[in-house]
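Asker: Listed here are the chains, written in short residue letters.
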Amino acid sequence: MADFAELARLHLPEYLTPKQKEDLWKELREFPTIGSFYMAPDEDERTLQGDGWRGLIVLRFETGERRPLTGLILSNSCDIAPANPRPLPTNVVFAPLLALDRYAERLRAVGQTKQQVDSVLETIRHQEVTSLFYLPAQPYGPVESVAFFDDVHSHPTADFLGGSRTRIFRLSLPAFYALLVKLSIHFCRLQEGLTRPAAA
Amino acid sequence: MTNETASTNATAPTFERRPADTAPAISTSLRAIAMALAMAGVAPPPPKYSRTFGGNVTVIVQDWDLSGAIVSAIAALHERLLARSAALPTEAARVLYSNLWDLYVA
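Same order as they appear, the protein sequences are chains A and B. For the first sequence, the numbering used here assigns the number 1 to the initial residue and increments by one for each residue that follows. For the second sequence, the numbering used here assigns the number 201 to the initial residue and increments by one for each residue that follows.
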């Protein structure tokens with residue numbers, strides 16, 4: 001355990017000041033309450049993991065329809081950075097944002113009671129649903145929404161970077177770390193309840 | 201030989217994520233962090249002492265302690281989220297799945 005902790009330390013951002021580290025520590029302790037979920041806008045044009053970008057395109061499997069929308073970038077920042085040329089084209093992997101108010105409307109439309117709807121929303125807002133990453137409506141953020149890890153799409157990186165696109169938000173450091181933790185919980189299960197004996 | 205997937209040779213973007221708003225002043229002292237860690241069963245390394253010729257003693261709390269605290273907080277967050285993890289109720293999940301196209305944020 002000690003070795004693991006030391007390894008983990010090595011991956012923490014070295015450029016943070018002690019004060020910034022202290023802030024990060026406090027925010028992580030208080031999660032899911034994060035004071036500042038998003039960063040203030042800047043001119044940085046890079047596409048980073050955890051960013052929200054408008055201009056990503058989804059294809060509807062049933063009809064082939066395509067639609068530009070806003071999505072949460074799930075690809076790691078390295079693999080989609082133009083500064084890192086790759087021998088083969090890459091894709092930007094993302095999860096479209098889903099508007100929470102419209103979801104609540106749909107729940108009410110099918111007869112869910114106010115108590116049931118409130119309960120669902122509270123669970124989502126507390127980040128308890130492992131397949132959803134909740135994005136609160138805060139300054140410099142999107143409308144209150146969720147990214148659904150079961151609804152993941154990809155967009156060719158070159159097409160995305162060369163097309164019409166707008167960054168809608170960028171996660172603050174504690175929110176970014178929370179995203180990484182939720183991604184790991186959803187996609188990586190060390191305890192899946194199955195013994196996998198190697199083939200003889 | 202080129203490895204298509206390994207990122208170890210790639211340029212890792214270095215980026216500082218500053219929050220949007222000025223964070224409120226945090227009164228938590230390093231001593232409090234150390235106490236919290238001790239209560240959580242994680243013993244931080246002892247501080248270093250620096251003695252000057254004048255006989256004054258300066259306590260230097262290493263940056264290492266904060267990094268350890270952050271790692272502990274991430275591990276605790278992981279455990280907390282796992283402990284509270286829940287699935288959407290069946291009807292709520294059905295409504296979500298069947299309305300994805302209409303719920304997308306433009």
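Bear in mind the hints are in silico, worked out from the structure with no lab data behind them. Backbone N, C-alpha and C define an ideal beta-carbon position, used for all residues, glycine too. The reader is advised that the hints may include incorrect statements.
To be verified - So the derived label-pair ranges between C-beta atoms look like this:
id	chain 1	residue 1	chain 2	residue 2	range
1	A	N91	B	D302	20 to 30 Å
2	B	W301	A	P197	41 to 51 Å
3	A	H126	B	L300	37 to 47 Å
4	B	L300	A	P136	33 to 43 Å
5	A	D101	B	Y297	15 to 25 Å
6	B	A287	A	K19	17 to 27 Å
7	A	E192	B	D302	14 to 24 Å
8	A	V110	B	A306	18 to 28 Å
9	A	P18	B	W301	46 to 56 Å
Unchecked claim - What the simulated footprint calls covered on chain B by chain A, stretch by stretch (three residues with Cβ under 8 Å from a Cβ of chain A suffice, anywhere in the stretch; the number is not a length):
id	stretch
10	268-274
11	282-291
12	294-306
Asker: Can you list which hints this structure breaks, lowest number first?
Answerer: Hints 3, 4, 6 and 7 are the ones this structure does not satisfy, whereas the remaining hints hold.
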